[in-house]
Amino acid sequence: MIGIYAAATAAIVVCMGLTLIRSIAGPTVFDRILAVNSFGTKTVLLIALIGYLSGRPDFLDLALVYALMNFIGTIAAMKFTRFGDLAGMEDDDSEELY
Amino acid sequence: MASPIEVLSWVLILAGSVFVIIGGIGLLRLPDFYTRIHAAGITDTLGTWLILIGLMLHEGFSLGTAKLAMLLFFLLATGPLATHALAKAAYIRGLDPLQGRELVDRHEVDDNA
Chain A
1 MIGIYAAATA
11 AIVVCMGLTL
21 IRSIAGPTVF
31 DRILAVNSFG
41 TKTVLLIALI
51 GYLSGRPDFL
61 DLALVYALMN
71 FIGTIAAMKF
81 TRFGDLAGME
91 DDDSEELY
Chain B
1 MASPIEVLSW
11 VLILAGSVFV
21 IIGGIGLLRL
31 PDFYTRIHAA
41 GITDTLGTWL
51 ILIGLMLHEG
61 FSLGTAKLAM
71 LLFFLLATGP
81 LATHALAKAA
91 YIRGLDPLQG
101 RELVDRHEVD
111 DNA
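Protein sequence lines correspond, in order, to chains A and B.
Going by our numbering, the first sequence opens with residue 1, and the numbers climb by one from there.
Going by our numbering, the second sequence opens with residue 1, and the numbers climb by one from there.
In isolation and in its complexed conformation, chain B is listed as follows:
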């Protein structure tokens, strides 16, 4: 009989897999670059977090958990940073969002970098 922690770990890993699949489908199906960033962000944060926390629960209190925590921290720091840099680079270089640029320009985003 599995312990409650083990069951929780299974649930988290499976939930993370579901989010990874959703992100992949979104990356393929959504209509333009800025919406696809949204889909990729789901995979980078939620899917990664759920799967790695599930593995940490399975591992218990050991060196493996420390490595998984470092992995979690790196992915948390670098994933959104890369996505943000990509979105800003695309916007500055003139790739138009689906609904036009007015929505962003109205908030005085400085795009003279």
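Same shape as in the complex, but just chain A:
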């Protein structure tokens, strides 16, 4: 049983590494946001699996909080790259896609 959790944890850690490479490589800002969002989802899975791996399922609470924060963070990052400001809705045409 522990072996299964360990295998799944290893798979997720490897995948988080691949995602991190994509978030550094870009090339567009959307690629980076997508990679960071995907990284956050995998972090949720990792926290849940480590909780069971170490026999402390209380970690699920942390996973819940992280799942909520991850979504808000993605939307906030997207809005920030669009407007350069989290409050304003001013649309400027000087956009940087790369």
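Some hints could be false.
[Stated by the list, open to error] Partial list, derived from the structure: chain B residues whose beta carbon lies under 10 Å from chain A:
| hint | residue |
| --- | --- |
| 1 | G64 |
| 2 | T78 |
| 3 | A85 |
These are computed hints drawn from the structure, not numbers from a lab.
For every residue, glycine included, the Cβ atom is placed at its ideal position computed from N, Cα and C.
We have chain A already, so just place chain B on it with the hints.
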């Protein structure tokens, strides 16, 4: 000897891990942003679902299962929503798909938001 439920839980967790790996490789290897969204979607839905349902089967009928179900619901609601918003934002801001914009524009997507 493991019970059938336990074996099913192992199978689901391992299958979810395989899908997570496939999604990661796709995110790294696919050629453009819109195809990479497809790879990330596999991880966000199928991989997450299989692993969390596997953990639920292992946990049995308890508080942990309720928390896992809430986690499943949050990820189901937020993952595709974030991906969709990202794809729409990229399209509206002028990032071209590999095969050009004609395929989408033909279906009268309103992009004046």
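Outcome of the hint check:
no.	hint	result
1	G64	5 Å, holds
2	T78	4 Å, holds
3	A85	7 Å, holds
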